[in-house]
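Asker: Take a look at the letters that make up each chain.
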Amino acid sequence: MTWYSPGAGLPFWAQQQLVELDTTTLIRWVLWLLVGFFGIFPGIVAYMVWLERKVAARFQDRIGPNRVGPLGLLQPIADALKLIIKEDLVPRGADRWVHLAAPVLVLVSAFLVMAVIPFAVGLAPVNLPSGLVYLIAVSSISPLGIFLAGWSSRNKYSLLGAMRAVAQLVSYEVPQVLSTIPIVLWAGSLSLVTIFDRQLEFGWFVFSPPGFLAFVILLIANTAEVNRTPFDLPEAESEIIAGYHTEYSSMRFGLFFLAEYLGVFAVSCLATALFLGGGTPIPFVGFPVSLISEDSMLSLVLVDLIMVGVFLLKVLSFIFVMFWVRATLPRMRVDRLMNFAWKYLVPLSIVNILIAGVWFEMVIRPGHLTFPNWIKGFAVTALLVVLAVYLVFLINRKASARVALGSEWPTVGQMRTGATVGQAAR
Amino acid sequence: MVINNYIFIGLLLLVAITFALLPLIVVWIIAPRKRSLAKSDTYECGVRTYGETWIRFRIQYYIYALMFVVFDIETVFLYPWAVSYAGLGTFALIEMVVFLVILSVGLAYAWAKGVLRWV
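Chains A and B are the protein sequences, given in the same order.
Residues in the first sequence are numbered consecutively from 1, following this note's numbering.
Residues in the second sequence are numbered consecutively from 1, following this note's numbering.
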């Protein structure tokens, strides 16, 4: 793969870290920055909003936006114009500068996450050798921005939303990060481009029992990380108005809105790149990549076109599932939300790392994928995964069975008589 | 000239900040500004703002943040192990199992102590 390694003759790690600043690199960077990040990604996000409104409308037996342009396709532009001509309000007594900085911080975090996603062969904005750690580091800037937003508004609802947001994002970040460890283990690298290459050799990582478990954990944690239903407690409109962005109007609110949808797009890209083999249409087959010939630029362009299309299709299906979940599930209760992260997802993902080690020894250690190895590995690890899930659920059931029914929440009678609530609850 | 990849990240940071500030500047120029006392009140469902907002908050959130710090540091240790697992052999595997068991015991202790109970 000659497109990845510009500085030949250097040691491996330095080769990956450095890049030759010639005209092609310069043009590529300028194109990514000005066309990709300034044009295409915000455009995709704007039409995600349109899509969500259409899809949600269909789920509720409505038509959705259909007035502005054909099929309401100009609706995002109308929305943006509306936000721009609204008055920009800062509440009295708020911390003005922090109030201004918070949405910028959240949007910057959402932008930076996109920098390492490999969309096709040679079509990642930048190939960092420590891509995954970088991605997780910059994605955890956004809870900070959300907290600053809620705190600086000096509004009680905002503060409640901010506190909930931090507690939730921090709790679900642990399973999110732990579920990527199996991928790193199998790929032997933190670079998302190398992770993609390994999935050409060993099939999509989701097609293994520990990979599937990690995938499910990552999907749940991702949904919580971008504050979407059923995990939208930080902005629960029926309880705390709009949560942390109650006091935001005009384009500052628009930035939060944009950042939220950009976040949805980014986590969908992450799940696609890590588990679903990026832009390859068929698992276990190196189909479009194997067609690239070293000296033909045209073959690269054609293959990349196919791969970008497939990649976006996968991302779109993730996004659709998120819309679907939003139309289906009610909001979670806050104690159950935290329990689910710490008592189910965290133990499961810790055990899953060990099962991933077993899969590595049985299937990936031999060097190349063979069918008997895969079947043997599948049988053993599937057993282990089922056992782990069963045990975690069993332990949780035993632990909650020790608590008398209703002892955590006072009944109406107890509240009336002022009786103390039982202390046995764990 | 050979330069570091992270320069791209720096440029992207600049682009992102510009992208965020540009619409805010446009709003500052063209949006109406009619200030009034009632309008700049914090929103409390139509009632006048009552009491102080920046108060001491409940401890529960702090405890979860502490738990998060512990487990986040764990992942920092897990990443280098996972990257070089193929070349490390059995000893590293056993060490990591011991490490994970210690952490699981920590989680179990916190659970048994009722730290993970949201009340």
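None of these hints come from the bench; they were simulated from the model.
Just so you know, not all the hints are guaranteed correct.
Which bits of chain A does chain B cover? Going by a derived footprint, with three or more residues having C-beta under 8 Å, they are [stated by the list, open to error]:
1. 32-45
2. 125-134
3. 183-193
4. 231-237
5. 245-253
6. 339-351
7. 354-365
Have a look at the derived ranges for each label pair, beta carbon to beta carbon [as the list claims (entries may be wrong)]:
8. ASP72(B) - LEU369(A): 32 to 38 Å
9. VAL389(A) - GLY46(B): 29 to 35 Å
10. LEU302(A) - ILE94(B): 25 to 31 Å
11. LEU291(A) - VAL105(B): 47 to 53 Å
12. LYS34(B) - PHE393(A): 37 to 43 Å
13. PHE320(A) - ASP72(B): 46 to 52 Å
14. LEU66(B) - ARG333(A): 56 to 62 Å
Beta carbons: idealized from backbone N, C-alpha and C, even for Gly.
Asker: How does the segment 354-365 of chain A fare against chain B when you require at least three residues with a CB closer than 8 Å, holds or violated?
Answerer: With 4 residues in contact (Cβ-Cβ under 8 Å with chain B), the coverage given for the segment 354-365 of chain A holds.
Asker: Given a hint of 32 to 38 Å, does the C-beta separation of ASP72(B) and LEU369(A) actually sit inside it?
Answerer: About 34 Å separates the Cβ atoms of ASP72(B) and LEU369(A), which means 32 to 38 Å holds.
Asker: Are 3 or more residues of the segment 245-253 of chain A near chain B, judged by a Cβ distance of less than 8 Å?
Answerer: Our answer is that it holds, as 5 residues pass the Cβ test (under 8 Å) against chain B, meeting three.
Asker: Closer than 8 Å Cβ to Cβ for three or more residues is the test here. Does the segment 32-45 of chain A pass it with chain B?
Answerer: The restraint on the segment 32-45 of chain A holds, since 6 of its residues have a Cβ under 8 Å from chain B and three suffice.
Asker: For the range 47 to 53 Å, tell me whether the beta carbons of LEU291(A) and VAL105(B) fit it or not.
Answerer: holds (52 Å)
Asker: Is the gap between the beta carbons of LEU66(B) and ARG333(A) within 56 to 62 Å?
Answerer: violated (23 Å)
Asker: When I compare C-beta atoms, does the segment 125-134 of chain A have three or more residues closer than 8 Å to chain B?
Answerer: holds (count 7)
Asker: Can the suggested window of 25 to 31 Å be confirmed for the beta-carbon pair LEU302(A) and ILE94(B)?
Answerer: violated (49 Å)
Asker: Using the C-beta atoms of PHE320(A) and ASP72(B), is the stated range 46 to 52 Å upheld?
Answerer: Given about 31 Å between the Cβ atoms, the range is violated.
Asker: Can you take a look at whether the segment 231-237 of chain A is actually covered by chain B? Rule is 3+ residues, C-beta closer than 8 Å.
Answerer: violated (count 0)
Asker: Taking 8 Å as the Cβ threshold, is the statement that the segment 339-351 of chain A is covered by chain B upheld or broken by the three-residue rule?
Answerer: With 6 residues closer than 8 Å to chain B, the segment 339-351 of chain A meets the three-residue bar; holds.
Asker: Check whether three or more residues of the segment 183-193 of chain A sit with their beta carbon closer than 8 Å to a beta carbon of chain B.
Answerer: Answer holds; 5 residues pass the 8 Å Cβ test.
Violated hints for the displayed structure, listed by number in ascending order: 4, 9, 10, 12, 13 and 14.
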